[in-house]
Amino acid sequence: MSERKTRKASPKELLSLFLTTFKIGAVTFGGGYVIIPMLQREFIEKHNYIEEKDILDIVAVSQALPGVLSINACIMVGYRAGGVIGAICTTLGVVLPSIITLSIVTGFYLEFAANPYIAAALKGIRAGVVALMVSAVINLGRPVLKNWMTWAIFLAAFVLVFQFSVHAILIVVGSGVLGLFLKMVVLRKKEENKDVPVD
Amino acid sequence: MSLLIEMMFTFMKIGAFSFGGGYAMIPLFQKELVGHGWMLISEVADVVAISEMTPGPFAVNAATFAGTKMMGLSGALFATFGVVLPSVVITLIVARYFFGFQNKQSVQSVLWGIRPAVTGMIMAAAMTIASASFFGIQHGANFGAIVGALSKVDWVSLAIAAVAFVAMYKFKASPVLMVFACAGVGVLLYALFPGIM
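Listed in order, the protein sequences are those of chains A and B.
Throughout the first sequence, residue numbering follows this note's numbering, covering 37 to 235 in sequence.
Throughout the second sequence, residue numbering follows this note's numbering, covering 1039 to 1235 in sequence.
Simulated from the structure, these hints should not be mistaken for laboratory data.
Where is the CB? At the ideal position from N, CA and C, for every residue including glycine.
Be a bit skeptical, because a hint or two may be false.
What the hints assert, rightly or not - Only pairs whose alpha carbons sit at most 16 Å apart, straight line, appear in this in silico EDC-like list of lysine to aspartate or glutamate:
| hint | chain 1 | residue 1 | chain 2 | residue 2 |
| --- | --- | --- | --- | --- |
| 1 | A | LYS82 | A | GLU49 |
| 2 | B | LYS1069 | B | GLU1081 |
| 3 | B | LYS1107 | B | GLU1044 |
| 4 | B | LYS1208 | A | ASP90 |
| 5 | B | LYS1107 | B | ASP1084 |
| 6 | B | LYS1142 | A | GLU49 |
| 7 | B | LYS1051 | B | GLU1070 |
| 8 | B | LYS1210 | A | GLU81 |
| 9 | A | LYS182 | A | GLU88 |
Claimed, not checked - Here are the simulated distance ranges between beta carbons:
| hint | chain 1 | residue 1 | chain 2 | residue 2 | range |
| --- | --- | --- | --- | --- | --- |
| 10 | A | VAL195 | B | HIS1177 | 17 to 23 Å |
| 11 | A | PHE148 | B | LEU1226 | 16 to 22 Å |
| 12 | B | TRP1193 | A | MET220 | 48 to 54 Å |
| 13 | B | VAL1204 | A | MET220 | 38 to 44 Å |
Work out the full structure: start from the sequences and follow the hints.
This is how it looks when you write it as structure tokens:
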């Protein structure tokens, strides 16, 4: 077990975990992957609670577990940043805005849905979310896509999911097995041929 | 009280047995909630529509909607607690071990394959949202559908996205502020030129 498995968070940090995910929960329209750019910006660039590569690992694990992807991801980020209490803070933070909004909107959702100003605001938000997601792909991809093999995996996953609607769990499991095979068998063989000791 | 408990357990079941989250959960919601007589099929469709208009994950929105409708605020809290609890327990257990094993060599090899794939899946999510935003493709987005809808391109959305991208990528604007700014631009454009929005 590595030493930096979790951090001990001070009450002030726990409050900041809660407030950060509350803020994210309040503006994440569309759910699912849309939360990733938010987590990346808030938790890596601003607060430095977790590392860049952690985000992709957290998404992979969240995707493979039952339940809601965005909540699972917040649980893992919270755990990484502040242990079990940290995870509880981030979960409450990301869920509360939904509860507040929905318990208000449920009473008059037909009027809400028909309001043209809300429709216009949502149209603007959706366009902004596209920009958000594309810049997340660039930021997260930069440290990962370093050779043709990783580029091939990236493109294959993109096409399989977007064009052929392959289930995300299959992609996670498939790319994991492929990674193990390529790294452990193919690349190791290459190194053995060059008489480089492999540990 | 017993209805509250029953609701909580039903939502726990939904939370524990749905993989992938989001709209992949709709069939399970429909089966359980319509089956219990707590929601009509048409209301499930309404929740999907409301989820697209309100922040937060579909599962939490659906749980809060059904809970509020049945039992008011306490219903909303019990249902939401139920749908989230399995995630919290399972993910915490996995997180505990995952961050310990993350740096092992075999795990690193697995992650070496998974990381680019996850980046590709995020790209796919971006393309799906772009298909809806720029070309009005609400269901079944793929390259064929985009080519078919090229003539219907929504230049206003495309322009908002382009400006937002430059603001975020070049000038490091905060994503949270971006969402508010884009909502404001949408409302302003509608107020000035109702025809284009």
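Against the structure, the hints come out as follows:
| no. | hint | in the structure |
| --- | --- | --- |
| 1 | A:LYS82 to A:GLU49 | 13 Å, holds |
| 2 | B:LYS1069 to B:GLU1081 | 13 Å, holds |
| 3 | B:LYS1107 to B:GLU1044 | 15 Å, holds |
| 4 | B:LYS1208 to A:ASP90 | 24 Å, violated |
| 5 | B:LYS1107 to B:ASP1084 | 13 Å, holds |
| 6 | B:LYS1142 to A:GLU49 | 29 Å, violated |
| 7 | B:LYS1051 to B:GLU1070 | 9 Å, holds |
| 8 | B:LYS1210 to A:GLU81 | 10 Å, holds |
| 9 | A:LYS182 to A:GLU88 | 15 Å, holds |
| 10 | A:VAL195 to B:HIS1177: 17 to 23 Å | 19 Å, holds |
| 11 | A:PHE148 to B:LEU1226: 16 to 22 Å | 20 Å, holds |
| 12 | B:TRP1193 to A:MET220: 48 to 54 Å | 50 Å, holds |
| 13 | B:VAL1204 to A:MET220: 38 to 44 Å | 42 Å, holds |
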